[in-house]
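Kindly generate the complete structure, drawing on both the sequences and the hints.
Number of protein chains: 2
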Amino acid sequence: MNFLKIKETCLYVTDLAQAKAFYAEVLELPLISYVEGKHLFFKAGSSVLLLFNPEDSKHKVSPPAHYGGGKQHFAFEVEDKDYEKAKAWIEGKGIKILEEVTWQSGKKSFYFEDPAGNVLEIVPQNAIWPE
Amino acid sequence: MNFLKIKETCLYVTDLAQAKAFYAEVLELPLISYVEGKHLFFKAGSSVLLLFNPEDSKHKVSPPAHYGGGKQHFAFEVEDKDYEKAKAWIEGKGIKILEEVTWQSGKKSFYFEDPAGNVLEIVPQNAIWPE
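These protein sequences, in sequence, are chains H and F.
For the first sequence, the numbering used here gives the first residue as 1, with consecutive numbering after it.
For the second sequence, the numbering used here gives the first residue as 1, with consecutive numbering after it.
Read the hints as simulated data drawn from the structure, not as lab findings.
Please note that a few of the clues may not be correct.
No distinction is drawn between identical chains; accordingly, a pair holds when it is met within one copy or between any pair of copies.
Said to hold, decoys possible - Each computed DSSO-like pair below joins lysine-lysine, with the alpha-carbon atoms no more than 27 Å apart:
| no. | residue 1 | residue 2 |
| --- | --- | --- |
| 1 | Lys85 | Lys107 |
| 2 | Lys58 | Lys81 |
| 3 | Lys85 | Lys58 |
| 4 | Lys38 | Lys81 |
| 5 | Lys93 | Lys107 |
| 6 | Lys71 | Lys81 |
| 7 | Lys93 | Lys20 |
Structural data, given as C-alpha cells:
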C-alpha cells in the first residue's frame, strides 16, 4: 500500500481556548475549525493538526471515539533555508527553546512546548529521517 | 513561517512488540528503528510514525521527555485511485473496519484500530481538508 504521508495528527488538550491562542496567534497556523469544548483544527502545511478535548472526543459516536493525554510530541518540517529563521521567529515570540539537537546528518532540530506542555519540534528536511 | 507538513507523529504504546507485529507485518510500513522497551520508528510515506513506550520516554533527558496514552487517532493519506484498494487490503488482512464516513466532498474515509486500540484512518487526497 502506498501511503503518501500522515495527513492528520492529533493532540488532546482540555483547554482549547488556550491552545487556540497559541497555535492560531503565536504559531500563526491557519484555522480550519473551532468548536468550543470540542475541537480545534489547523492546517500545518500539507498536513492537518487536530486538537480534541478528550473529555468530549472519548464520548463521540461517529466518527469513532478517540482520546489521549500526556505531554505529546510532534514535529513540524521546514525547508533547510527556513530553519534558522524559524528558530529566531520562535525565540522572538518569547518561547523558550528547550533544546537544540545536532543529528548525524550535521543538521539540527529544536524543541519547545505549547501551553499544555506538549513537546513540539521544528526539523529541516533530510535532517533526521530517510526520505 | 512556512511549515511544509507535520513530519513526526507519535503514538504511545506499552507493548512495542505487539505494535511492531502490526505496523511492520500487517500494515507493512518500512521499519526505521526498533529498540526494545523504548521505541519503534516507521516511514509512513513522506512522514514518520514514532511509537514510544511512555514508561521509558517520560524519563528521557535528551531530547526532551514526552509521553502520552489513551486511544489516539491519526490518518494515513492515499491517492484517490488507491482508496478502494486500501479498504479491500485492510479487510483482506482480517481487520475490522469500524466505520466508513462520506464527507462533504463526496469522498470517503474509513477507520480501524491497531492492537492497542488506537484509531487509525485512511483518507484519500482532498477528501476532508482544504489544500
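Given a CA cutoff of 27 Å, do Lys93 and Lys20 count as a within-copy pair, a between-copy pair, both, or neither?
-> within (16 Å within a copy, 40 Å between copies)
At most 27 Å between C-alpha atoms: does Lys85 with Lys58 qualify within a copy, between copies, both, or neither?
-> Neither. Shortest intra-copy (38 Å) and inter-copy (30 Å) distances fail the 27 Å Cα cut-off.
What label fits Lys58 with Lys81 when the C-alpha limit is 27 Å: within, between, both, or neither?
-> neither (41 Å within a copy, 32 Å between copies)
When no copy is specified for Lys38 and Lys81, does a C-alpha distance of 27 Å or less occur within a copy, between copies, both, or neither?
-> Neither way: Lys38 and Lys81 sit 37 Å apart in one copy and 33 Å across, limit 27 Å.
When no copy is specified for Lys85 and Lys107, does a C-alpha distance of 27 Å or less occur within a copy, between copies, both, or neither?
-> within (14 Å within a copy, 38 Å between copies)
Using 27 Å as the alpha carbon limit, work out where Lys93 and Lys107 are close: within a copy, between copies, both or neither.
-> Classified as within; 23 Å inside a copy, 40 Å across copies.
Using 27 Å as the alpha-carbon threshold, which applies to Lys71 and Lys81: within, between, both, or neither?
-> For Lys71 and Lys81, the Cα distance exceeds 27 Å both inside one copy (29 Å) and across copies (37 Å).
When the structure is compared with the earlier hints, violations turn up for hints 2, 3, 4 and 6 and for no others.
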